[in-house]
Amino acid sequence: MPALAHTVQAKFASQLIATQRYREQETAVIHREGLLPIARWLKSDAAMSFDFLMDISAVDYLKFGRTLSSAPTLKTPSPLPYYMTPKPTAETWQRGVSNDDYRFDVVYHLFSSRHAHRLRLRIPLTSADPVVDSLTGIWASANWYEREIWDMFGIRFTGHPNLRRILLYEEFQGHPLRKDYPINKRQPILKTPANAANSP
Amino acid sequence: MFLNIGPSHPAMHGIIQLIVELDGERVVNSEVEIGYLHRAFEKHSESGPYNNVMPYTDRLNYVSPLINNFGYCLAVERLLGIQATERCQYIRVIMSEISRITDHLTCVGASAMELGAFTVFLYMIKAREWLWELVEAVTGARLTISYGRVGGVKADLPDGFAQRTKRALEDVRKVLLECDALLTRNRIFMDRMQGTGVISKERAVSYGITGPFLRGSGLALDVRKANPYFVYDRFRFDIPTGEHGDNYDRYLVRMEEMEQSMRIVEQALATIPSGPLNVDYQGNVLPADVMVDEAKMGRVAGFKQARVTLDPTLEGSTRGPHDVVNADERRAVLPAKEDTYGNIEGLMNHFKLIMLGHGIRPTPGEHYSAVEGANGEVGFYVMSDGSDRPYRVRVHPPCFPIMSALPELLAGDTVADIVPTFGSVNMIGGELDH
Numbered sequence: 001m002p003a004l005a006h007t008v009q010a011k012f013a014s015q016l017i018a019t020q021r022y023r024e025q026e027t028a029v030i031h032r033e034g035l036l037p038i039a040r041w042l043k044s045d046a047a048m049s050f051d052f053l054m055d056i057s058a059v060d061y062l063k064f065g066r067t068l069s070s071a072p073t074l075k076t077p078s079p080l081p082y083y084m085t086p087k088p089t090a091e092t093w094q095r096g097v098s099n100d101d102y103r104f105d106v107v108y109h110l111f112s113s114r115h116a117h118r119l120r121l122r123i124p125l126t127s128a129d130p131v132v133d134s135l136t137g138i139w140a141s142a143n144w145y146e147r148e149i150w151d152m153f154g155i156r157f158t159g160h161p162n163l164r165r166i167l168l169y170e171e172f173q174g175h176p177l178r179k180d181y182p183i184n185k186r187q188p189i190l191k192t193p194a195n196a197a198n199s200p
Numbered sequence: 201m202f203l204n205i206g207p208s209h210p211a212m213h214g215i216i217q218l219i220v221e222l223d224g225e226r227v228v229n230s231e232v233e234i235g236y237l238h239r240a241f242e243k244h245s246e247s248g249p250y251n252n253v254m255p256y257t258d259r260l261n262y263v264s265p266l267i268n269n270f271g272y273c274l275a276v277e278r279l280l281g282i283q284a285t286e287r288c289q290y291i292r293v294i295m296s297e298i299s300r301i302t303d304h305l306t307c308v309g310a311s312a313m314e315l316g317a318f319t320v321f322l323y324m325i326k327a328r329e330w331l332w333e334l335v336e337a338v339t340g341a342r343l344t345i346s347y348g349r350v351g352g353v354k355a356d357l358p359d360g361f362a363q364r365t366k367r368a369l370e371d372v373r374k375v376l377l378e379c380d381a382l383l384t385r386n387r388i389f390m391d392r393m394q395g396t397g398v399i400s401k402e403r404a405v406s407y408g409i410t411g412p413f414l415r416g417s418g419l420a421l422d423v424r425k426a427n428p429y430f431v432y433d434r435f436r437f438d439i440p441t442g443e444h445g446d447n448y449d450r451y452l453v454r455m456e457e458m459e460q461s462m463r464i465v466e467q468a469l470a471t472i473p474s475g476p477l478n479v480d481y482q483g484n485v486l487p488a489d490v491m492v493d494e495a496k497m498g499r500v501a502g503f504k505q506a507r508v509t510l511d512p513t514l515e516g517s518t519r520g521p522h523d524v525v526n527a528d529e530r531r532a533v534l535p536a537k538e539d540t541y542g543n544i545e546g547l548m549n550h551f552k553l554i555m556l557g558h559g560i561r562p563t564p565g566e567h568y569s570a571v572e573g574a575n576g577e578v579g580f581y582v583m584s585d586g587s588d589r590p591y592r593v594r595v596h597p598p599c600f601p602i603m604s605a606l607p608e609l610l611a612g613d614t615v616a617d618i619v620p621t622f623g624s625v626n627m628i629g630g631e632l633d634h
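So the sequences go chain by chain: Z and Y.
Under this note's numbering, the letters of the first sequence match residues 1 to 200, in that order.
Under this note's numbering, the letters of the second sequence match residues 201 to 634, in that order.
Honestly, the hints are just simulated from the structure, not real lab data.
Hints may be right or wrong, so weigh each one.
[Unchecked claim] No more than 25 Å apart at the CA atoms, straight line, and that leaves these computed lysine-lysine pairs for PhoX-like:
{"id": "1", "chain 1": "Y", "residue 1": "Lys243", "chain 2": "Z", "residue 2": "Lys179"}
{"id": "2", "chain 1": "Y", "residue 1": "Lys401", "chain 2": "Y", "residue 2": "Lys354"}
{"id": "3", "chain 1": "Z", "residue 1": "Lys185", "chain 2": "Z", "residue 2": "Lys63"}
{"id": "4", "chain 1": "Z", "residue 1": "Lys63", "chain 2": "Y", "residue 2": "Lys243"}
{"id": "5", "chain 1": "Y", "residue 1": "Lys354", "chain 2": "Y", "residue 2": "Lys537"}
{"id": "6", "chain 1": "Y", "residue 1": "Lys425", "chain 2": "Z", "residue 2": "Lys43"}
{"id": "7", "chain 1": "Z", "residue 1": "Lys185", "chain 2": "Y", "residue 2": "Lys243"}
{"id": "8", "chain 1": "Y", "residue 1": "Lys401", "chain 2": "Z", "residue 2": "Lys43"}
{"id": "9", "chain 1": "Y", "residue 1": "Lys401", "chain 2": "Y", "residue 2": "Lys326"}
Please put together the full structure from these sequences, using the hints given.
Written out as structure tokens, the structure is:
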């Protein structure tokens, strides 16, 4: 039973979608409206005391489980020989929401230096409205991470003081870690008159 | 007045740009522009099979690439639910600690050079050279080592490695004593380092800073102690901490950490196990009829018919060492080269892992692995959707949060203090910009 995530569930039942323990790591999947109160509570509660926001990342589920092979001609791989078949495991992983309804997940990794425990928060977002509250008011580390997510995935953070691109340049078009961004797409490095006309 | 430092400037290790707002000589405000070395690590990782990510991780923190290798391996192994062998974990600990020393030597040496202590830089690079010779002997390369493998490492330690390491560590200790005598009570060095680049413990935690930078501010946090991985919980070592959170304390923390790393290496070399060798069929060629009978019942795991002559470049991946350092897990680990060339099971296994479209296939899931890098916590968040490519690879680079705190570190100091403060950040462009 996920102990930490379970405590979150007991406290914020209405904001929680699912809890999970997979490979010894705990996850709480929450609604985006619940992010700020849950984050504040996780930081201040003595039993939780998550003082570190270690990492923020995002996942685009557009092609999740749809391309099972990296070989273009091989749609389904041939079966494995018996000595390579996976061992059955009791654990299964579930996202908690449908990949078709919710295209993105914003993933927060929290760490407590006092208890040395970790918790992962996942917030599903739709592709029509990829907006979530900014955590910059709670952890200073959120500032650059959220800029990176905006840069790479085009997910907006309301209340962020300076939501600019961080690794790429302002004229860059599109968000490269989205799964519909082709890996070999080329963009002009510098702002040219033609390029400037296209940019918003 | 606004002053623009970088992106191409000798003191901006790698390329970043600092836009500094000055009032006389005091820094009032500053802005950091990063991304000049962005090479799309995450996008590339998601486009190829799991093992293809390994060379990319070399290029994240290129001063201690072994730690990145092992951090990524750890994430995929946990995703698969497998564990490396005992000997492999010891090897990973030893190589990680050697990398940590090389990283600290580079950081301290380079920042001392920028303060005019060129001798120290040459001494430390000399010591780093001895350690990189060890790395070269083990991995076959100096910089782009690609030594980690999912489920193991590329090859076993070479002969006489323990003696060579002990000698090298003795020499490194002497160099560290010399550098300590040159720097630690040096009036000029202390004046430049003490009281500059100060950050309090609370602010450092809020910025998510980890590693020696955080320990310089007084919080004894180390992933090796907090969430032990590999076999770190078996070794005795201390976590040095500073008090003031300034550049000088961070320098002292790094100097002491090198000593602690050497302690770990020595303990690990003394206790490293020889490993679970597969003794049943070791070296014995079974008669053909017995083998056929056994194979009909599916008992082929131990078949060893060493009938192939291997190319010398494959040395280290041969049967004896291969089994010792790699997990007994055919879903992830390539077979020993004799098996690949010598029997059909090995060939099929090799094919199934190497050919495009086959490869390692963890069940859908996610994992965040944290290892203690030289700069702080190196995290790899790997997600699988059941295919042979990682669906998502995210690296948490330790100097990213430190760089985001840089404006706060610099505010109030003079222009000349930018150089030691930036040096103690130990910014590595490869991991910062992904």
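*Is Y/Lys354 within 25 Å of Y/Lys537, Cα to Cα?*
holds, 12 Å
*Distance restraint between Z/Lys185 and Y/Lys243, which requires alpha-carbon spacing of 25 Å or less*: This hinted pair holds, its Cα atoms lying about 12 Å apart.
*Taking only the CA atoms, is the gap from Y/Lys425 to Z/Lys43 under or equal to 25 Å?*
The hint holds at about 22 Å.
_Proposed proximity, Y/Lys326 with Y/Lys401 (alpha carbon, max 25 Å)_ = Given that 25 Å is the threshold and the Cα spacing comes to 34 Å, the pair is violated.
_Just to be careful, I want the Cα atoms of Z/Lys63 and Y/Lys243 compared with a cutoff of 25 Å; is the pair within it?_
holds, 14 Å
*asked:* Check whether the Cα positions of Y/Lys401 and Z/Lys43 lie no farther apart than 25 Å.
replied: holds, 16 Å
*Would you check the hint for Z/Lys185 and Z/Lys63, treating anything up to 25 Å between C-alpha atoms as holding?*
holds, 18 Å
*asked:* Between the alpha carbons of Y/Lys243 and Z/Lys179, is the straight-line distance 25 Å or under?
replied: holds, 9 Å
*Holds or violated: are the alpha carbons of Y/Lys401 and Y/Lys354 at most 25 Å from each other?*
violated, 40 Å
Of the hints listed earlier, those the structure fails to meet are numbers 2, 9, in rising order.
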